[in-house]
Amino acid sequence: MNDWWWVSTLAFGIGLGTPLVFATLGEIITERAGILNLGVQGTMLVGAVAGFWATFNTGGGFGLFLGVIAAVIAGALISIIHAVLSITLRVSQIVSGLALTLFGTGLASFLGKAGADPLVGEPSRATFQPILEGGIAEWPLVGPLIFGHDILVYVGVLAAVATSYYLFHTRMGLSLRSVGEDPASAESAGINVARVRYIHVMVGGALSGLGGAYFALKIVPTWQDDPIGAAGWIAIALVILSSWRPYRALFVAYAFGFAQFLELRLQTLGEPWNSIPSTLLAMIPFILAIVAMIVVASGKRARQLGAPAALAIPYFREQR
Amino acid sequence: MTTRRLIVEPRGLASARLVVLVPVLSVLAALVLGAVFLALTGENPWTVYSKMVDAAFGDSRGISETLISATPLILTGVAAAVAFKMLVWNIGAEGQFLFGAIFAAGVGIWLGDGLPAIIALPLVILAGAVGGAFLASISAIPRVYLGTNEIITTLMLNFIALAFMNYLIFGSNSPWRDSAVSTFPQGRPLPDSGRIPEFFNRLDYGLFVAIALAVVAWVMIEKSRWGFEVRVVGDSANTARYAGIGVPRKILGVFLLSGAFAGLAGSLFVAGPVGALDPRSLDLNLGFTGIIVAALARLNPIAVVPVAVLMGALNNAGPSLQSIGVPPETVTMLQGAILVFAVAGEFFIANRVRRPDKETTVATTGEATA
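Listed in order, the protein sequences are those of chains P and L. Position 287 (the first sequence) corresponds to 287 in the numbering used here; numbering is contiguous. Just remember that the numbering used here sits 1000 ahead of the position in the second sequence, which is counted from 1.
Mixed in with the good hints, there may be bad ones.
[To be verified] Interface residues of chain L toward chain P, partial, derived using beta-carbon atoms under 8 Å: (1) Glu-1329; (2) Glu-1346; (3) Ile-1349.
[Claimed, not checked] Just a sample of chain L residues kept apart from chain P, beta carbon distances all over 10 Å, derived: (4) Leu-1123; (5) Phe-1164; (6) Phe-1170; (7) Ile-1324; (8) Leu-1334.
[Stated by the list, open to error] To spell it out: a stretch of chain L is covered by chain P in this simulated footprint if at least three of its residues, at any positions, have a beta carbon under 8 Å from a beta carbon of chain P; those stretches are: (9) 1059–1067; (10) 1084–1094; (11) 1181–1192; (12) 1288–1302.
Calculated directly from the structure, the hints in this document are not laboratory data. Glycine is no exception: its CB is placed at the ideal position from the N, C-alpha and C atoms.
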């Protein structure tokens, strides 16, 4: 290994950014269909508790696989709440998403502490480990940056590639985008708007759930009440900062992972860095998000960036 | 035969009975859903719910603690109601509450014991309004003048406010921190002149201040010319522009007012039961719970008061569940479920759902055969 601190910082940033990659891609898919889902935070927590629980009750590599499956299913199922409220009942998507987050947060804490043998405080029975040890994983620079990760980091990259292909090069992706831009025209072209939106709210929920599980099975592998910090909220900002494009999502998610890791890293660097209180450093990602929002995505620029035209507008089929 | 779709039609003005009935049913539905999860994890829902009622209303101490929990929720509820009514998505009551607390504690400590309570206490409480409005302005000004999405900036500021409070107490030797205690960092107590007097167990007069402010909010929104213009903007910004209403200034005003209410929740809480900038007593999600209060109260500031008492009762009952081995988070889950059902209920208040009329079907068939 080399002792260039910034190389390992970047490498850890990729790790911390990976759950943001999943959640941001999920929210991009959902928003491209015209549905704003502020329930990402709650969905991630439900995915986290489901994934942790499944792995905890099985263990080993297969347990991790089951954990991922459980998180994906739980994320998709819990986000049906938002789909029903915002698509079928057509209430304000903002309030509906907040409802999902508050319910999901409460549910995850409750499930983590309920029952005769609560999960809280228990270490995970298996965690994701780097695929490669030694060899090219120890080459300078490229080793830790490119080859030293666990499988979900690579799955995250593949997910960005797949999402981009799906959105821009498949028929279903075209339907999805048309529903997000102009649902009335999509409907006249024979697309079932409600069905397309339901599916992609659930796909988005599945990816958020996976992102949550990565926290519980890798980043903080002991069940605690709040394993994901504010990742779900940050993902919603990242969707805008990535201008609804999957490859940029990868980039901004890693950048935010890096900003979060910096907080831990500065403490170990000696004077004068370690004299900055960690409570102030904790603000960095949030200040970054606000400044970026104001500079990059204010006013008409958000639309020019690629915001779906029908985003967050309830669609009344009968009132066309 | 083809499947008969249900017909959904806008209801126009909903009856008063429905407006009360739907939120009540939302709460009951949430309790049923909560009972399912409790039963699944091996608890007896009836035991749990009776324990909660007993803890929240069982004796005079329970009732006073319930009302103490309700006091800040009245104001964070009003904060959300005022903003959401005008489609200003201030999700930052959480942070504005904390900044209200920080400003109030700061002014209280700075004034010291030198001033009589009749002057000091109003200053401490008003400082909270300033603190809340200040934090809201960081989101409100870019929203109004640049068009920056306020949902994200208010959300992010919640975390910044929390980190800032932690910095004042855990990360620095600020005036907010009690220098007399070196074992574990905690907030410096406010002088007595900055504290609201108690009248019923630990319950203080802050409750009445909160109720009075809710009434003021209601009058401002429903009865004043300003409120009328605000409601026009909320219904349609274009209509408001044609009517010559200055939309940006209205949005800014509502945003800051909403922040001020959330900040007042913080100052009443600090000057009341907490008595210091104590992170553990303040980081209670009271801002987010205020959104639930506002939604269940259907954004009516007067209705916010009884709903805040209900949510305060739940918050107060949570910790008591530990004694029977049930996680206090049962309450968070129930509150989230209440919001889900309250939001769903809005659909049934706004729309009527019915089966297609038999007569129409018959009539059309008759026509076809004839």
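Hint compliance check: list the failing hint numbers for this structure, sorted ascending.
When the structure is compared with the hints, numbers 3, 5, 6, 8, 9, 11 turn out to be violated.
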